[in-house]
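Undergrad: Taking the hints into account, I'd like the entire structure generated from these sequences.
Line order of the protein sequences matches chains A and B.
No gaps in the numbering here: position 174 of the first sequence is 174 in full-length UniProt numbering, and each next residue is one more.
No gaps in the numbering here: position 428 of the second sequence is 428 in full-length UniProt numbering, and each next residue is one more.
Mixed in with the good hints, there may be bad ones.
The list treats identical chains as one, so a pair stands whether inside a single copy or across any two.
In silico SDA-like pairs for lysine to any residue, Cα to Cα no more than 20 Å straight-line [claimed, not checked]:
no., residue 1, residue 2
1, K27, S41
2, K292, H20
3, K17, K27
4, K47, L515
5, K196, Y208
6, K410, A313
7, K56, D148
Read the hints as simulated data drawn from the structure, not as lab findings.
No experiment lies behind these values; they were computed from the predicted model shown.
Number of protein chains: 2
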Amino acid sequence: MSKAEVSLDHLFRVFTKPEHTDSTLAKIERHLSDNISDFLSQHVVTKKTSLEEIEKDFFSAAVPDSPEFVSEHAEALLDKLVAHSVNTYAPTFIGHMTSALPYFHLSLAKLLVGLNQNLVKIETSKAFTPLERQTLGMMHNLIYQQNDAFYEEYLHNANHSLGAFCSGGTIANITALWVARNQLLGPDGKFPGVAKAGLAAAYRHYGYENIGIMSSNRGHYSLSKTVDILGIGRDNMLTVHSPSQQLEAEKALAVGKAYQEQGNKLLAIVGVAGTTETGHVDPLDELADVAKELGCWFHVDAAWGGATLFSEAYRSKLAGIEKADSVTIDAHKQMYVPMGAGMALFKDPRHSNAVRHHAQYILRQGSKDLGATTLEGSRNGMAMMVYSSLHIFGRRGYELLIDKSIEQAKTFAAMIDAHPDFELMTAPILSLLTYRLRPSALAKLEDMPCDEASSIKKKLDSLTVRVQKQQREAGRSFVSRTRIEIAKYQGETTTVFRVVLANPLTTESHLSAILDEQLEIAKTMKLWSELTAIVLPKIA
Amino acid sequence: MSKAEVSLDHLFRVFTKPEHTDSTLAKIERHLSDNISDFLSQHVVTKKTSLEEIEKDFFSAAVPDSPEFVSEHAEALLDKLVAHSVNTYAPTFIGHMTSALPYFHLSLAKLLVGLNQNLVKIETSKAFTPLERQTLGMMHNLIYQQNDAFYEEYLHNANHSLGAFCSGGTIANITALWVARNQLLGPDGKFPGVAKAGLAAAYRHYGYENIGIMSSNRGHYSLSKTVDILGIGRDNMLTVHSPSQQLEAEKALAVGKAYQEQGNKLLAIVGVAGTTETGHVDPLDELADVAKELGCWFHVDAAWGGATLFSEAYRSKLAGIEKADSVTIDAHKQMYVPMGAGMALFKDPRHSNAVRHHAQYILRQGSKDLGATTLEGSRNGMAMMVYSSLHIFGRRGYELLIDKSIEQAKTFAAMIDAHPDFELMTAPILSLLTYRLRPSALAKLEDMPCDEASSIKKKLDSLTVRVQKQQREAGRSFVSRTRIEIAKYQGETTTVFRVVLANPLTTESHLSAILDEQLEIAKTMKLWSELTAIVLPKIA
Numbered sequence: 001m002s003k004a005e006v007s008l009d010h011l012f013r014v015f016t017k018p019e020h021t022d023s024t025l026a027k028i029e030r031h032l033s034d035n036i037s038d039f040l041s042q043h044v045v046t047k048k049t050s051l052e053e054i055e056k057d058f059f060s061a062a063v064p065d066s067p068e069f070v071s072e073h074a075e076a077l078l079d080k081l082v083a084h085s086v087n088t089y090a091p092t093f094i095g096h097m098t099s100a101l102p103y104f105h106l107s108l109a110k111l112l113v114g115l116n117q118n119l120v121k122i123e124t125s126k127a128f129t130p131l132e133r134q135t136l137g138m139m140h141n142l143i144y145q146q147n148d149a150f151y152e153e154y155l156h157n158a159n160h161s162l163g164a165f166c167s168g169g170t171i172a173n174i175t176a177l178w179v180a181r182n183q184l185l186g187p188d189g190k191f192p193g194v195a196k197a198g199l200a201a202a203y204r205h206y207g208y209e210n211i212g213i214m215s216s217n218r219g220h221y222s223l224s225k226t227v228d229i230l231g232i233g234r235d236n237m238l239t240v241h242s243p244s245q246q247l248e249a250e251k252a253l254a255v256g257k258a259y260q261e262q263g264n265k266l267l268a269i270v271g272v273a274g275t276t277e278t279g280h281v282d283p284l285d286e287l288a289d290v291a292k293e294l295g296c297w298f299h300v301d302a303a304w305g306g307a308t309l310f311s312e313a314y315r316s317k318l319a320g321i322e323k324a325d326s327v328t329i330d331a332h333k334q335m336y337v338p339m340g341a342g343m344a345l346f347k348d349p350r351h352s353n354a355v356r357h358h359a360q361y362i363l364r365q366g367s368k369d370l371g372a373t374t375l376e377g378s379r380n381g382m383a384m385m386v387y388s389s390l391h392i393f394g395r396r397g398y399e400l401l402i403d404k405s406i407e408q409a410k411t412f413a414a415m416i417d418a419h420p421d422f423e424l425m426t427a428p429i430l431s432l433l434t435y436r437l438r439p440s441a442l443a444k445l446e447d448m449p450c451d452e453a454s455s456i457k458k459k460l461d462s463l464t465v466r467v468q469k470q471q472r473e474a475g476r477s478f479v480s481r482t483r484i485e486i487a488k489y490q491g492e493t494t495t496v497f498r499v500v501l502a503n504p505l506t507t508e509s510h511l512s513a514i515l516d517e518q519l520e521i522a523k524t525m526k527l528w529s530e531l532t533a534i535v536l537p538k539i540a
Numbered sequence: 001m002s003k004a005e006v007s008l009d010h011l012f013r014v015f016t017k018p019e020h021t022d023s024t025l026a027k028i029e030r031h032l033s034d035n036i037s038d039f040l041s042q043h044v045v046t047k048k049t050s051l052e053e054i055e056k057d058f059f060s061a062a063v064p065d066s067p068e069f070v071s072e073h074a075e076a077l078l079d080k081l082v083a084h085s086v087n088t089y090a091p092t093f094i095g096h097m098t099s100a101l102p103y104f105h106l107s108l109a110k111l112l113v114g115l116n117q118n119l120v121k122i123e124t125s126k127a128f129t130p131l132e133r134q135t136l137g138m139m140h141n142l143i144y145q146q147n148d149a150f151y152e153e154y155l156h157n158a159n160h161s162l163g164a165f166c167s168g169g170t171i172a173n174i175t176a177l178w179v180a181r182n183q184l185l186g187p188d189g190k191f192p193g194v195a196k197a198g199l200a201a202a203y204r205h206y207g208y209e210n211i212g213i214m215s216s217n218r219g220h221y222s223l224s225k226t227v228d229i230l231g232i233g234r235d236n237m238l239t240v241h242s243p244s245q246q247l248e249a250e251k252a253l254a255v256g257k258a259y260q261e262q263g264n265k266l267l268a269i270v271g272v273a274g275t276t277e278t279g280h281v282d283p284l285d286e287l288a289d290v291a292k293e294l295g296c297w298f299h300v301d302a303a304w305g306g307a308t309l310f311s312e313a314y315r316s317k318l319a320g321i322e323k324a325d326s327v328t329i330d331a332h333k334q335m336y337v338p339m340g341a342g343m344a345l346f347k348d349p350r351h352s353n354a355v356r357h358h359a360q361y362i363l364r365q366g367s368k369d370l371g372a373t374t375l376e377g378s379r380n381g382m383a384m385m386v387y388s389s390l391h392i393f394g395r396r397g398y399e400l401l402i403d404k405s406i407e408q409a410k411t412f413a414a415m416i417d418a419h420p421d422f423e424l425m426t427a428p429i430l431s432l433l434t435y436r437l438r439p440s441a442l443a444k445l446e447d448m449p450c451d452e453a454s455s456i457k458k459k460l461d462s463l464t465v466r467v468q469k470q471q472r473e474a475g476r477s478f479v480s481r482t483r484i485e486i487a488k489y490q491g492e493t494t495t496v497f498r499v500v501l502a503n504p505l506t507t508e509s510h511l512s513a514i515l516d517e518q519l520e521i522a523k524t525m526k527l528w529s530e531l532t533a534i535v536l537p538k539i540a
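TA: Below is the structure:
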């Protein structure tokens, strides 16, 4: 590769001279703007199937010494990076929580970088600060539906905050539970609170052996990071075994009581609204009551499912969410915003003061600087993407999209149910479902005693893994896989295909093509012949 | 505003139909691409000077009900948001750590959103995973300069990690010190480690009253968030009073010893390489030795100053950084990458395993999924921006930029020194400096006893505040202000102008114009007349 001149003049041009309209970058931009689907089909070629092959292009840790020409570098990016990335726009890639994005985000991304604001403080963000506050207010309203006077008082209040904008759901969950921890172990008489005195001193002051967080075993892995970083410890993550994919209120109460009887204090119950693996929703209303009875915080992780609140028809699936002390929602999931738009919302605008920090040159007392109550410091203006989406889609637009996704998931579930060689493993509550290949000859498998069927089940697990990999490597479509407990198999952990129906471009014929492809792949395997040859014993 | 149709067809078009070339968004894009400086000058009008005025445009918390046309929304964005944002590109805005960005980032931003990868796992990021690992490896190499065999072994190793890519320096600092905490209080015999057992149990097991973190009082406010969230508590943030803007090694040793003699354990010393307020660098080499003597972790917060390592001439200012256990660098500062590119680098690739987390459907044991050792979960592909910048600038390109910034800061310092009505308060170590307006009649102020001069000093503080505000509101240029201890005034806390010379577009004539403007503003004030009328007593 030829090297660009090492001179200040050359560098100055990189800052001041626009890309030529014939440059590679300008062409990339035009192609994206004209037809993103075509750009991706043309450039995401995935010829290299193994990660090790791809790594060869990213092998050196040497810092490049001399400058490269922008266009030559852009060619290299297309060849090494774009060619081996994932086509999240494709309607047949239904294994991810990211999907096609609307066109306007391409332009907004450019505007965002052109402005390059820093939302940590007003001085470097100006109008972006009220914009972010308003966006958080709208999301708060979507969940908590307070009256006008409430929002008038708190939306732009320097001493209160309706939520925290975050890079993603993990930081949102951590932020919410950090607030919860600091509330529970706050200042009390002469005790200055956990934020100042530390966790060990707080346990001593309040007389707690430990504090803990409870969720079903379908709770997101970010909760494990949360109890680690907050100093609570994973031993105090009360993961309730939930073969139904839902945290049962009665069990939650029993587990919480038992925990507290041992001298511990339950910090929070985390209800999930849309589990990552199956899209199930915990019984939020009942769990809110349990939290009240146990005297603990109630957090709802609605990173995936929160957008369901836009739908009149399905909003009730999240009934009780308005009782949560805090809620996590990711706009980069069902709100079709690019990666990087998590939010933690707080019912009580005073609560986030439990993590308020001030500094001299920034975040001065009484200022409206957003950085005073966020975990992150310098942050970009992603809130603009959420703000624009809320306006361009509107509640009714989102409603149409959400309803379509859920209805399409039902349709796909029916297709699977009707197919002799597939088995639906978890029916869709929202727009996720799981299933597997299971030859029609084995239709009665679920009636067999566990131990007798175990070798067949192992083979089915292995079939799922192998078909999923081969389909992924073929590169035409993508379905993910996971291992979950299946209620109808007495809670046995089973390997399943997992799909997320969120891409508005996905049609029924895409879905039936995906099933066809999976069956075709299976039929090339010896394992499939073995499985179809099995004769199940008659069951009385 | 007219409302768009509420129909799936309309929404489908938002996902599939490109913006028309005459649309507002397309025009915004073209204008940015053709001349970003002109776009910003034309649209960032800042007519509304007060935040309260701006808030009126972001007042409602109601979720918009019906969809809006994209172009109409874009007009509103220009009018309400862009018009009242901050022109970070302008060469006369020298009060921020963000500056003009090179043109190629505009195109990359669009590509990033077009691809919309999620770096939490390989399945949703593919080539972006080795790209991010390589980028972290290059930055590791910049600091630690290990041999080829080292990078060959660790760069793409599933069980090790050279660093963590983060949304910013705060998350990077937190990540580094989270790793440090979990290392210090790790598994030991039957004790399973703090990540599992929690902090209170860890203190009991190891027999520590408390653990603490030490830095100078110029340490970044993110350290205060760190000790809070990690459960250490702000009482255990040992903030060493440092009127020289630097943490003295001798003092650090004494403070650390005294802390440990009380039954506590010092977790980490944080050396700063480029303080936010004055750009000072702590004596890293000596502090590394102190950390060794105290048996604690040594972290270097080089969020700002890290890029100095690209310069042969100035690299030595950070001597000793290679002894740090962990280092924070923000590429969105002196590497001219858009907001959102922080990194924590670890000297020992095994260390990040102290915060390793696994989950079933993701981050499987033995996988190279990046999410297993990052605090964040879902993340975008910002690493591409850093990777591209490393190639397009190269080490030698960055060197020119860094050298130019530091030399320009020296030039500006000389201009201030030579000006009878200005006083240099902290000379530039890197590319930051602080100064104030001080009429020539008061040139001997620093020789006066503190108490006699106190009323004059208060007036000077107030002058700085008022001139800074008025200059900001005039909107032609921006210098920030802060309060710091000044060595030559016996460590008295003083209000100063703060500038960051990092924008490659800033010239000497911009700088002299800024001084002229400040003096002009001052001369309109009664306070200035009062100050110039003062006759200092003769000092023996």
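Undergrad: List, from low to high, the hint numbers that the structure doesn't satisfy.
TA: 2, 4
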